[in-house]
Amino acid sequence: NAHGTSTLSNDLIEATMLRRVLGDSPLVTSTKAMTGHTLGAAGGIETALTVLALQHQLVPPTVNLDAPDPQIPIEVVAKEARAASFDCAVKTSLGFGGHNAALVLTRP
1 NAHGTSTLSN DLIEATMLRR VLGDSPLVTS TKAMTGHTLG AAGGIETALT
51 VLALQHQLVP PTVNLDAPDP QIPIEVVAKE ARAASFDCAV KTSLGFGGHN
101 AALVLTRP
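All residue numbers for the sequence shown refer to this note's numbering, where the first residue is 1 and numbers rise by one.
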């Protein structure tokens, strides 16, 4: 669950980092497109949604993604949820001033 602020600099840098860390074909989504940017609550809400995705083995879509940036080097799940088999999920939070975190969640 990418931070996904839909800004040119952030999305390209975040996507490049995710590919570098997770390999060539991670399934990536950003639920922020559904919830809006809830500021201080974003991390908690997005973590709960990531846990649900892991529990149900369903990657939620990045809604309203009509024209993906061709420079983004990862596959972004768009339009509709995608069933997948995965034992861990990563949720990233990126803040002003370099306050960045990645939470790795695993199935029991």
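Some hints could be false.
Label pairs and their computed distance ranges (CB to CB) [as the list claims (entries may be wrong)]:
| no. | residue 1 | residue 2 | range |
| --- | --- | --- | --- |
| 1 | P70 | P108 | 35 to 45 Å |
| 2 | L27 | D66 | 13 to 23 Å |
| 3 | V51 | L22 | 10 to 20 Å |
| 4 | L103 | V63 | 19 to 29 Å |
| 5 | L58 | G98 | 24 to 34 Å |
| 6 | M17 | P70 | 13 to 23 Å |
SDA-like cross-link-like pairs, simulated, lysine to any residue; straight-line CA separation at most 25 Å [unchecked claim]:
| no. | residue 1 | residue 2 |
| --- | --- | --- |
| 7 | K79 | T7 |
| 8 | K79 | S25 |
| 9 | K79 | H99 |
| 10 | K79 | L12 |
| 11 | K79 | G43 |
| 12 | K79 | L27 |
| 13 | K79 | S6 |
| 14 | K79 | N10 |
| 15 | K79 | I45 |
| 16 | K79 | L22 |
| 17 | K79 | G98 |
| 18 | K79 | L58 |
| 19 | K79 | I13 |
| 20 | K79 | L49 |
| 21 | K79 | R19 |
| 22 | K79 | V63 |
| 23 | K79 | L54 |
| 24 | K79 | T5 |
| 25 | K79 | G44 |
| 26 | K79 | F96 |
| 27 | K79 | H56 |
| 28 | K79 | P68 |
| 29 | K79 | G97 |
| 30 | K79 | P108 |
| 31 | K79 | A33 |
| 32 | K79 | T38 |
| 33 | K79 | G36 |
| 34 | K79 | L18 |
These aren't lab readings, by the way, just hints derived from the structure by calculation. All values reported here derive from a predicted model rather than from experimental measurement. Every residue gets a Cβ at the ideal spot worked out from N, C-alpha and C, and that includes glycine.
Cross-check of the supplied hints:
For P70 and P108, the hinted distance range of 35 to 45 Å is satisfied, since their beta carbons lie about 39 Å from each other. Checking the proposed 13 to 23 Å range against L27 and D66 shows it holds: the Cβ atoms sit about 19 Å from each other. The hinted window of 10 to 20 Å between V51 and L22 holds, with their beta carbons roughly 18 Å apart. A hinted range of 19 to 29 Å for the beta carbons of L103 and V63 is consistent with their spacing of about 22 Å.
Checking the proposed 24 to 34 Å range against L58 and G98 shows it holds: the Cβ atoms sit about 33 Å from each other. A hinted range of 13 to 23 Å holds for the C-beta pair M17 and P70, which are about 18 Å apart. At most 25 Å may separate the alpha-carbon atoms for a hinted pair to count; K79 and T7 meet this at roughly 19 Å. Annotation: proposed proximity of K79 to S25 holds, straight-line Cα distance about 18 Å (limit 25 Å).
In summary, the hint linking K79 to H99 is not supported, as the alpha carbons are separated by about 30 Å, beyond the 25 Å threshold. Between the alpha carbons of K79 and L12 the distance comes to roughly 20 Å, so the proposed pair stays at or under 25 Å and holds. Of the pairs offered as hints, the one joining K79 and G43 holds, with about 23 Å between alpha carbons and a cut-off of 25 Å not exceeded. A threshold of 25 Å between alpha carbons decides the hint, and for K79 with L27 the separation of about 13 Å falls inside it, so the pair holds.
Taking the CA atoms of K79 and S6, the gap is near 16 Å; set against the 25 Å cutoff, the hint holds. Proposed proximity of K79 and N10 is supported: the alpha carbons are some 21 Å apart, at most 25 Å. Our distance criterion of 25 Å between C-alpha atoms is met by K79 and I45, whose separation comes to about 20 Å. Simply put, K79 and L22 have alpha-carbon atoms about 23 Å apart, close enough for the 25 Å limit, and the pair holds.
For the hint linking K79 to G98, the alpha-carbon distance of about 31 Å lies beyond 25 Å, and the restraint is violated. For a cut-off of 25 Å, the pair hint linking K79 to L58 stands: about 13 Å separates their Cα positions. For the proposed pair K79 and I13, the alpha carbon gap of about 23 Å is at most 25 Å, so the pair holds. Distance check on the hinted pair: K79 and L49 sit about 17 Å apart at the alpha-carbon level, within 25 Å; holds.
Distance hint between K79 and R19 is fulfilled; the C-alpha atoms sit about 21 Å from each other, no more than 25 Å. The hinted pair formed by K79 and V63 meets the criterion: a straight-line CA distance of about 6 Å does not exceed 25 Å. Simply put, K79 and L54 have alpha-carbon atoms about 19 Å apart, close enough for the 25 Å limit, and the pair holds. As the CA atoms of K79 and T5 are separated by approximately 17 Å, the hinted pair is consistent with the 25 Å bound.
Restraint check for K79 and G44: the C-alpha separation of about 23 Å stays at or below 25 Å, so the hint holds. As the CA atoms of K79 and F96 are separated by approximately 29 Å, the hinted pair breaks the 25 Å bound. About 18 Å separates the Cα atoms of K79 and H56, which keeps this hinted pair within 25 Å; it holds. For the given pair, K79 sits about 11 Å from P68 by alpha-carbon distance, which is consistent with the 25 Å threshold.
About 32 Å separates the Cα atoms of K79 and G97, which puts this hinted pair outside 25 Å; it is violated. Under the criterion of a C-alpha separation no larger than 25 Å, the hint pairing K79 with P108 is inconsistent with the structure, at around 29 Å. For the hint linking K79 to A33, the alpha-carbon distance of about 11 Å falls within 25 Å, and the restraint holds. In summary, the hint linking K79 to T38 is supported, as the alpha carbons are separated by about 22 Å, within the 25 Å threshold.
For the hint pairing K79 with G36, the CA-to-CA distance comes to about 16 Å; that is within 25 Å, so the pair holds. For a cut-off of 25 Å, the pair hint linking K79 to L18 stands: about 21 Å separates their Cα positions.
This entry does not satisfy hints 9, 17, 26, 29, 30, going by the numbered hints stated previously.
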